[in-house]
Amino acid sequence: DVKVTQSSRYLVKRTGEKVFLECVQDMDHENMFWYRQDPGLGLRLIYFSYDVKMKEKGDIPEGYSVSREKKERFSLILESASTNQTSMYLCASSFIAGGRWDNNEQFFGPGTRLTVL
Amino acid sequence: AQSVSQHNHHVILSEAASLELGCNYSYGGTVNLFWYVQYPGQHLQLLLKYFSGDPLVKGIKGFEAEFIKSKFSFNLRKPSVQWSDTAEYFCAVINFGNEKLTFGTGTRLTIIP
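Those sequence lines, one after another, are chains R and V.
Here our numbering is used: the first sequence runs in plain steps of one and ends on residue 117.
Here our numbering is used: the second sequence runs in plain steps of one and ends on residue 1113.
Because the hints were derived from the structure by calculation, they are not lab data.
As the structure is a computational prediction, the values presented were derived from the model and not from experiment.
Backbone N, C-alpha and C fix where the C-beta goes; we use that ideal spot for every residue, glycine too.
Worth double-checking, as some hints may not be accurate.
[Said to hold, decoys possible] Here are the simulated DSBU-like pairs of lysine-lysine, each with C-alpha atoms no more than 30 Å apart in a straight line: (1) R:K3 - V:K1069; (2) R:K70 - V:K1100; (3) V:K1100 - R:K53.
[As the list claims (entries may be wrong)] Cβ pair distances, simulated, as ranges: (4) V:G1029 - R:M27: 25 to 31 Å; (5) R:L117 - V:H1009: 26 to 32 Å; (6) V:P1113 - R:E69: 48 to 54 Å.
Just need the whole structure built from these sequences, with the hints factored in.
Shown next, in the form of structure tokens:
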């Protein structure tokens, strides 16, 4: 079974703190994604990565950065947390869609609920 | 850019009722279509997906969805819901050659026993 794990289920931070969210997948997927999930807004893509050290902005990258030093690990960084970044953060991974059109399902981690005070 | 509409934000049904949740996307071409489900306290998991072939696809737990290309739709159906179907349901689309899923805003389904 594919497993995507996230470092914390719940996190409470103060405004201005630097926050690291870690994600690890064990299926040798090329793609990894960070989303935030907010009520009434669904899932919005923050950043994704299709290879080690590669990253692309999603729909809402402002205030975030990412790091992918190893294929299985993808980190989301909030350089200076703000209250409007209070949200549920979901990590996902998948094979590269172009190469495996019938096998490009994204697998999700359990999420990290971040509260910024 | 692709967008996905789920017009029903919250649906409340009694057990054994039939279910249909709407999903429409905006941009055509070759697409993969997905329905994900998030049960209370659990992570998102795949319910079913369409990538080619028969436009009527069957998923887990008795769910099915029909891809109607001319209507840009991928509605989710279940003939008889159970209390355990209470969850949030997300429709998502990926265009061929793209790596990014576009999600709808979700439909919260509440089943009354």
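30 Å Cα cutoff - pair V:K1100, R:K53: Answer holds: V:K1100 to R:K53 is near 18 Å, not above 30 Å.
Cβ distance range 25 to 31 Å for V:G1029 and R:M27, holds or violated: Holds - the Cβ-Cβ distance for V:G1029 and R:M27, about 28 Å, lies within 25 to 31 Å.
Cβ distance range 26 to 32 Å for R:L117 and V:H1009, holds or violated: This hint holds: roughly 29 Å between Cβ atoms.
Agreement of R:K3 and V:K1069 with the hint, judged by alpha carbon distance not exceeding 30 Å: 33 Å, violated
Pair hint R:K70 and V:K1100, alpha-carbon separation not exceeding 30 Å: 21 Å, holds
Range hint compliance [Cβ, V:P1113 to R:E69, 48 to 54 Å]: Holds, since V:P1113 and R:E69 (Cβ atoms, about 49 Å apart) stay within the stated range.
Violated hint: 1 only; the structure is consistent with all others.
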